[in-house]
Amino acid sequence: MAYMSMGEAHRRITDYLNRFYDAVSSQDVASLKSLFSLSSNSPFLLSLADALNLFQDANRLIKQSDKYSLYAEILVPVFRSLQNYKQGNLVEAYQAFEKSANAFIQEFRNWESAWALEALYVIVYEIRVLAERADKELASTGKSPEKLKGAGSFLMKVFGVLAGKGPKRVGALYVTCQLFKIYFKLGTVHLCRSVIRSIETARIFDFEEFPKSDKVTYMYYTGRLEVFNENFPAADQKLSYALKHCNPHSEANIRMILKYLIPVKLSIGILPRDCLLENYNLLEYSNIVQALRRGDLRLLRRALQDHEDRFLRSGVYLVLEKLELQVYQRLIKKIYIIQKQRDPSRAHQVKLEVIVKALKWLEMDMDLDEVECIMAILIYKNLVKGYFAHKSKVVVLSKQDPFPKLNGRPVNS
Amino acid sequence: MGYSGYYNNYQQQPNHAYSQPVGAYQNTGAPYQPLSSFQNTGSYAGSASYSSTYYNPADYQTPGGYQNSGYGNQTTMWNNGNYSNYSSHPYTNYTPDSTGAYSSGTSTTSMQYPQQYKQWADYYNPTEVSCAPGTENISVASSSTISCPIPAVTSGYVTPNSQPPQSYAPYWRPESNSSSIPSLQPGAVTYGAHDGYWKHGAQSSQIHQNNTIQPNYQNPLDLKSSYDKFQDQQKTVSSQGTDLQFPSPQQVAPAPIQTAPSLDTRRVGKLQIPTNPRIASNLTLGLPKTEKDSSTNSAAPKPAYISVSLPKPTEKVPSNDAVNSILKPGMFPKSLRAYVERALARCKDDKQMAVCQAVMKEVITNATADGTLYTRNWEIEPLFPMPDADMVNKDSSECSTNDSVLPKYKRSPSRRSKSRWEPLPEEKPADNLVPNSSHTEKHSSWIHNDRDRKETKEGKEDGLRNTKWATFLQRTSSKTPQRYKKQRLAEASIPSENGDASSDSDKEQGLTAYYSGAMAFTDSPEERKRRENRSKRFDLGQGQGHRSENSHFRPKNAGAGNLYSRRASALVLSKSFEDGGNKAVEDIDWDALTVKGTCQEIEKRYLRLTSAPDPATVRPEEVLEKALLMVQNSQKNYLYKCDQLKSIRQDLTVQRIRNQLTVKVYETHARLALEFGDLPEYNQCQSQLKTLYAEGIEGSHMEFAAYNLLCVILHSNNNRDLVLSMSRLSVEAKDDEAVKHALAVRAAVTSGNYVTFFRLYKAAPNLNTCLMDLYVEKMRYKAVNCICRSYRPTVPVSYIAQVLGFSTYMATNGESNVRDAESLEECVEWLKAHGASTIADNNGDMLLDTKASSSTLFMPDPEDAVAHGDANLAVNDFLARAPL
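Residue numbers (the UniProt record's numbering), protein chains in the order written: chain V, 1 to 413; chain E, 1 to 884.
Misleading hints may appear alongside valid ones.
[Claimed, not checked] Below 30 Å or equal to it, Euclidean Cα-Cα: the simulated DSS-like pairs (lysine-lysine) are: (1) E:K734 with V:K322; (2) V:K143 with E:K851; (3) E:K596 with V:K322; (4) E:K762 with V:K322; (5) V:K360 with E:K646; (6) E:K851 with V:K385; (7) V:K393 with E:K832; (8) E:K740 with V:K385; (9) V:K86 with V:K99; (10) E:K740 with V:K259.
The hints are simulated quantities; they were obtained by calculation from the structure and are not laboratory data.
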């Protein structure tokens, strides 16, 4: 950093203050939001931070001038936050920024129109990102990371400011999505419920009215929540909406959506094409899809084992594990088809021994009781139509559509 | 003898006129109150305002107030002596009579001693009116035994006795008055005794008392407990009071004043203690000294007492002065007041109070000495453990020794290690008392006065009691663990007795005590104060006029002080919370707060702590180890073990012991809870274990990881949690037998594979079975549902029994035929209970008719369901809980 003269520092600070004042008075949101975007690391803000470090009495500058002192509540903490941010004191930076943001939303509340919405977005985003980084800093020093949690409650406050009848309400979904991000990160997804409820039931909100990007994000997160709840039809609907409306060029986002949509689709009996998995680098699913196609239980188990960590982390492990029954179904179906080729008249009777043998061939060492149990479950869950005759140890398949397709319905639970 | 006589008279009064008392109270001097004044005494309703008067000399000026004040004094005297008694007194016989005379009185006095007053009233009423059963007396006696030995009290009482009649004259007069004025008494038939009593209070002699009291009150309020000042005030006040109200008494008063002060000081100190912890807290400073003195005095032969009265005040003065200088009213941080109040609120009787005060004095002086008086955050300052009075008496001056003894109390060396449970009776006073028969007699007369009343005719009984009392004292004087137990027993009996009492006030008392929670036993001064405040509410309304009259006095004493104290008392907790909030948690010196236990008993019942732990009841690590072993080897039922383990856990927690022993204890408890099916308790242990393991303390980590998994799978049914705990498993964990088993169980459950589930059920390592036990019913039901749906036409029950884990052996095993038959039967019963229909085939084997059953299956209500939802709380088990 080159040496900065006092005058230069003074000039930069007043420049910032002027920009802020002009932006507010002319309602120039583009200019305004750039003033808060700490994480953009714009040279303007960084040099301002240097200037602030050099010129210690910036607060006096604010308080001396009538037009600046009007916004002192916002500006003073922003300066402090900037200083700390530049120096790497992220916890301090966060705290100051939250203070400033608090003052900002007070101001924002008083503005009738929603002109500053985007600036608010920036602030909300900065709050979240700063909190995450501050938590990292806290964790590294052995303190309990609680800033993100604090950010969560602050954003709830912002949500409250936006959730009204006026034009500002379209901003609510953005805040909601930021809240989702926080809650998912913290693992407190149950907190999402209250926001979701107000978004989906409050009359002031018309979902289609929200910005598209927010809608996609919202659908992505709520879809994920449905995956956790194993409510596959709803998850499918939400994630499909997200996929459909997602910007086709943001592949990372599409991939994120697909990561959850594919297991959901699989569990309702819809298999993706291989090229989809390849295009979006979701090859961890390819073996699973393959296993479903072939009725290869071993492949499924291996695939699950291979990517266990990944699936557990994303939370789809249990969903994928439940595909096992479909694999069994496919296996029985194959046996049935083979039997039908040999002896169509007796094809609907599948002996338990045969199934055990087939499984053994797949290196699945299961005894009669176990396989019998699985057959019973398959029938019970309506993956196989028919009945099991215990005495003769035979699965008697229905002559009509013995292996009903799921066709978008989840397996009966 | 004066006292005993006095009381005897008292007792007799109801029966006959006061003729007898007159003899006793010849001193009663001519100065006599106008009838009107007496009437006032009789009707205390108006006196509500007086309560305030107590604090204010001005009150005395008003005639009504005067009487009240007298009354108050009396009560105080009473309390002074018998305070403990009152507290322990069950209040069972709170009769309407009393309300007439006393309740009003209570309200009036309430300002000052509402609680005591009430108690006192209760105390009396029962005896008078209904001649309450002897049990009452006994209970009282026992309780009194505990607390009576207090040196100060004894000295106080003794002194009066020993002293020449002159000094007493004032006190006794009232009685004499009553006696002399028979006209009044007739009206007061039922509570004639009381009247007399009150009158006695109302008398000029009492003014003097009042005076004494006033100063004290003022002092407390001002946070000055200087006795000299007190004396001054006495004089001044007495003059005032006498002038305004009882010119005649005035003359009398001066004389007694001189002698009385010492006595009064003592008494007053004592008196106040019970009433208002806040005020008492102030006394702390002064009192300890008196106590010491008294104890020393008590050590001396009886005559010493006589002499004591006068010299003492002088002795005290300097010390008190010092204290005063330290505790100038304005100089005290409010938080300190709150602290003092808090500390005193724990005290249950005079003794404790006094001791407590002594300790606090040291704390405060120490604090001033090292300049932390203002810097220290009193709001979060831990209360010192309830000190043992013995220790205080012996060591009150030896802070240094205490320090060495109790190094953990870095901040305030004066903190004592003894518990609130510790018996307060002290060896010293007791010793003094016991040998001295006359003392004991007097004591007994004091204590028994209520009984005596009942037993006016039965002098023998009195004697008996006296002897009992004496023996009791002796017993208490001997240091033994028994004593400790006894104390606890006595304490335990108190609440129950209270429970018996059906009067609203009692209930209320109990409730408030319950809610005031943290610090209070039912009888605690805290609670008393609450009552006081409560009754003050009414006073506020009624006593406006008086107030306004007395306003010029009040600001210093009652007005500001009272209000403040009241509010403060109410806010103590919340305040400490608020202010605590400002103070970062990490700023608290936890090490300084950590207790190091000294209790050597292996067995200990769990009692949820409501105050700072007391080292005397906390077991050190070695003992806890033994205790754990004891529990592990115990043959008793789970409830007993649970109780013991909880107490062990508590002791570990308060001592902040976190090591392998801790882990062992929690593991043991978790296992026992699992075996018993006590999931809530298990969950507590599990969550503790999680953090303990996370701290790197060794234990059966894997075993409990498995339990945790099973718990999540089988009982919380939360997919997200499950995924989380699965993803947290380490690689080694996944290789562990128990964890593998748990994971397999999970797979079986999620896929609904009942065959695998019951196989795993039988092969479960550790206590995994126990957790699975809780899921077996559900799994079976699901399985039968599935079977009914998928099998046609029938399924042999034997197969179901085998697959669903009813039989313990494989069906192919020939030797297990008997077991098979049993398990078959069990399975049939189970199926029937769940609505399945079974048929017999040609061979007589039972078959499940799947089609018929598929629509009729249902989940029966659990047989062991209980209305309160916790089957573990079966009455028999509850009753079987081993009493300690």
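Verification of the supplied hints:
Pair hint E:K734 plus V:K322 holds up; C-alpha atoms about 20 Å apart against a cutoff of 30 Å. Taking the CA atoms of V:K143 and E:K851, the gap is about 63 Å. The hint is violated against a cut of 30 Å. For the given pair, E:K596 sits about 54 Å from V:K322 by alpha-carbon distance, which is inconsistent with the 30 Å threshold. A C-alpha spacing of about 25 Å is found between E:K762 and V:K322, which places the hinted pair at or below 30 Å, so the restraint holds.
Between V:K360 and E:K646, the direct Cα distance comes to roughly 52 Å. Violation of the 30 Å bound is thereby established for this hinted pair. Straight-line distance between C-alpha atoms of E:K851 and V:K385 comes to about 15 Å, which keeps the hinted pair within the 30 Å bound. At most 30 Å may separate the alpha-carbon atoms for a hinted pair to count; V:K393 and E:K832 meet this at roughly 25 Å. For the proposed pair E:K740 and V:K385, the alpha carbon gap of about 34 Å is over 30 Å, so the pair is violated.
For the hint linking V:K86 to V:K99, the alpha-carbon distance of about 18 Å falls within 30 Å, and the restraint holds. The suggested pairing of E:K740 with V:K259 holds, with an alpha-carbon distance near 28 Å, which does not exceed 30 Å.
Comparing the model with each earlier hint shows violations of hints 2, 3, 5 and 8; every other hint is respected.
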